[in-house]
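Protein chains in written order, with our numbering: chain A, 1 to 211; chain B, 1 to 196.
Fair warning: there could be bad hints in the mix.
Said to hold, decoys possible - Here are the in silico distance ranges between beta carbons for each label pair: (1) L68/B with P64/A: 35 to 43 Å; (2) K66/A with F190/B: 45 to 53 Å; (3) Q206/A with F190/B: 51 to 59 Å; (4) R208/A with P161/B: 37 to 45 Å; (5) R20/A with V57/B: 38 to 46 Å; (6) V90/B with P64/A: 22 to 30 Å; (7) Q85/B with F172/A: 32 to 40 Å; (8) L198/A with V62/B: 49 to 57 Å; (9) N125/B with V86/A: 18 to 26 Å; (10) V86/A with R156/B: 42 to 50 Å.
Claimed, not checked - To give a feel for the contact side, a few chain A residues facing chain B, derived at Cβ under 7 Å: (11) C26; (12) T81; (13) V86; (14) A89; (15) P92; (16) C109; (17) N196; (18) T197.
Note that these hints are calculated values from the structure, not bench results.
Please read all numbers here as calculations on a predicted model, not as lab measurements.
Note that the Cβ used here is the ideal one computed from N, Cα and C, for glycine as well.
Read off the chains here:
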Amino acid sequence: MKSLVNTISNGIVRENPVFRLVLGLCPALAVTTAAENGFWMGLAVIFVLTCSNVIISLIRGVIPSKIRIPCFIVVIATFVTIVDLVMHAYMPEMYAILGIFIPLIVVNCIIMARAEAFASKNSVLLAAADGIGSGLGFMIAVIVVGAIREFLGTGNIVLAGTALFGPTGLGFDPAIVMILPPGAFITLGALLGLLNTLQARSAARQRRVCP
Amino acid sequence: MTFVAILIGGIFVNNLVFARFLGLCPFVGVSKRVDMAAGMSMAVIFVMTVASAVTWVVQNAVLEPFGLGYLQTVSFILVIAALVQFVEMVMQKTSPGLYQALGIYLPLITTNCAVLGVAILSIRNNYSFVESVVNGIAGALGWSLAVILFAGVRERWEITPIPKPLQGFPTALIGTGLMSLAFFGFQGMFKTLFVR
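Same shape as in the complex, but just chain B (with noise of 0.2 Å):
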């Protein structure tokens, strides 16, 4: 039960754009076009998830028993950027097709702060190995399901006529708010189900 509340939860109520504001920036860069939007979405879920695992064990197995826990932030952020890195190397060997699809989003994962706040929120919450993945796996499809949505919802602006102060940035930020006012009702329906 708990695995479904994580996976509800960090997807429609703890969404990590319109509840936590993590990965904006590749958000707001990414939702212009859904395919662009749909393609990030792919290189986030795949590094979101290992990620996770593998801070788990960084935590878990070399940080805590030897008392380095003030290492954190250096170490999770550093394993983010190697992973990504190797990542990027073993698509580019193995499957190529996927590699020109992801190529160029794969890098800018690094610097997206939902890989790291996912990874050290699962550690705050205390969360098991397999509940640390979960939400990752929540987390990146939260995400997803953000920039997709608003990406289509971008398409549409591009042909209605807006007020030129308010093109771009304006409009974008002020069409998240209201996203994420729409998302503010799932959290009823999370208390009905979850919550006893």
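This is chain A alone, in the form it adopts within the complex (with noise of 0.2 Å):
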């Protein structure tokens, strides 16, 4: 039990697809210009890394390991397009906003990366517990920097149809800038810079406690 808790909180936190090891690089910036968006995509591949893995972590004795990448292939593209023919006939709005980045989660390399590296190796039970944590650190981690771009570039954050600064904003002049493509890259760059700074910060701190 300790270990698929464990797990979890490793691919949200020390393993966080986007901010730690900077996976998946081409959704995250793509979809993330409102809050919303990066909630959706979020739950796309949720759903797309849980499913591989567990079959991926099922089928795993049986793969010869010289033709296991096209094998993990067909098993993450059948889960892609599951979940691209749901989007497109229950949600054919947000399915427009994402656009081809749900197709291209299947050449995603979170998934590629986890499935190489986790799932082929493990039980079916930590497989799944990898798939939702590392899914959800991906899912926070857009989630995030599409709020400081719509807030940023909108003056607002729209989350389910209701605005959360109210309808007329917090009153300043919204850059235009920071949800068009610059803005993604300046975003999601400034954003590893502070981590990089919090993080030596706290090592800087340990060392000081315990010499």
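Mind assembling these two chains? They're in different frames, but the hints should get you there.
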């Protein structure tokens, strides 16, 4: 039980796919024009990652190691197709916003990395926990980036149709560049720099406490 | 005229890296040195052009007539993976020199989301066969332009005193952002030339 919780929290914090491992950059930058887009993209990734991890862990004894990569790709692509069709049918607006990044989950390096590094070596339960953890880590990262970009770029954050800061916003001129592509790169770059600074600081403090 | 528009648009306006966010992992990975960037670019141009042609044929000759549209993602990624393997084997036999030069980059291309992305974009835009191929070439050239330019910038950063927390990925991303801002200038040019 403890290792399950550890595996999940590991994916969220210590091995956060976007902030720590810097994987899956394309969707993390492309769909983060708003916090809500990040949520749905994150949900799609959690589903694909967990399901593919479970299946790959189940069949890990059967796949010959030489052709494991094509096998992984077929498993992952199957679940991506499921997400693609379900989203297309039930939420056409969100599907139009996320665009080709739903089918492109299949080449998302996070999913391949977890399949290769974790699911193909661990039991089903652990693999599922790892999928949920890494997926949640990705989701939190894209929601954070999306919220920052949406707030600075439009002056407000809209969740499920309601504006968080009232209909008029906070009354500053939004910088439109933040919801354009350059804003995505700059936001994530600045966030990574900030996290590095915080980490260096906490490491320095720990060294002072126990020399 | 449409071919020129697709070509110019793909290289400058809808640049894969700067406007469409495709192929970022290899972009950050190989843009540390200009020669590595150039090697990867050659491999991407080759694979993306061939992949655009082959996936168009798969879509319009196999998937569409038999009503198998839902297999698009699975079949495209398998076609691309097989193609990369095939290209690697052919190259090893016929031109060992080129294989030596591109060898390490070829397997990386399977996981390059730009190849699959461009193929799917061509299908979604209802391009004809030639338009798809031109779109593939344009996307690849745009990616190459971005990665080679950026490698030149990063080589300079090697000898620049950058604050420690910003070294590596953070500067790479912020730099890409500034470059993408610069590429926005092409949008106005494109509009006056092609959109009337």
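How the hints compare with the structure:
Between L68/B and P64/A, the C-beta spacing of about 28 Å breaks the proposed range 35 to 43 Å. Distance hint check: the CB atoms of K66/A and F190/B are about 47 Å apart, consistent with the given range 45 to 53 Å. Between Q206/A and F190/B the beta carbons are some 53 Å apart, a value that agrees with the proposed interval 51 to 59 Å. Restraint check, R208/A to P161/B: a C-beta distance of roughly 26 Å breaks the suggested window 37 to 45 Å.
Between R20/A and V57/B the C-beta distance comes to about 41 Å, which sits within the given range of 38 to 46 Å. In this structure the supplied range 22 to 30 Å holds for V90/B paired with P64/A, their Cβ-Cβ distance being about 24 Å. For Q85/B and F172/A, the hinted distance range of 32 to 40 Å is not satisfied, since their beta carbons lie about 54 Å from each other. In this structure the supplied range 49 to 57 Å holds for L198/A paired with V62/B, their Cβ-Cβ distance being about 52 Å.
The hinted range of 18 to 26 Å is satisfied by N125/B and V86/A, whose Cβ atoms lie roughly 24 Å apart. Against the hinted window of 42 to 50 Å, the Cβ-Cβ separation of V86/A and R156/B comes to about 47 Å, which satisfies the hint. Given the 7 Å rule on beta carbons, the hint for C26/A holds: about 5 Å separates it from the nearest Cβ of chain B. Contact between T81/A and chain B, as hinted, is supported at the beta carbon level, the nearest pair being about 5 Å apart and thus within 7 Å.
Taken as an interface hint, V86/A does not check out: its beta carbon lies about 12 Å from the nearest beta carbon of chain B, beyond 7 Å. Taking 7 Å as the C-beta contact cut-off toward chain B, the hint placing A89/A at the interface is violated, the least distance being around 11 Å. Interface hint at P92/A: violated, since its Cβ lies 14 Å from the closest Cβ of chain B, which is beyond the 7 Å cut-off. Below 7 Å, beta-carbon pairs count as interface contacts, and C109/A has one with chain B at about 5 Å; its hint therefore holds.
Interface restraint check for N196/A: the shortest CB-CB distance to chain B comes to about 4 Å, inside 7 Å, so the restraint holds. Satisfaction of the interface hint for T197/A is found here, the shortest Cβ-Cβ separation to chain B being roughly 4 Å, below the 7 Å cut-off.
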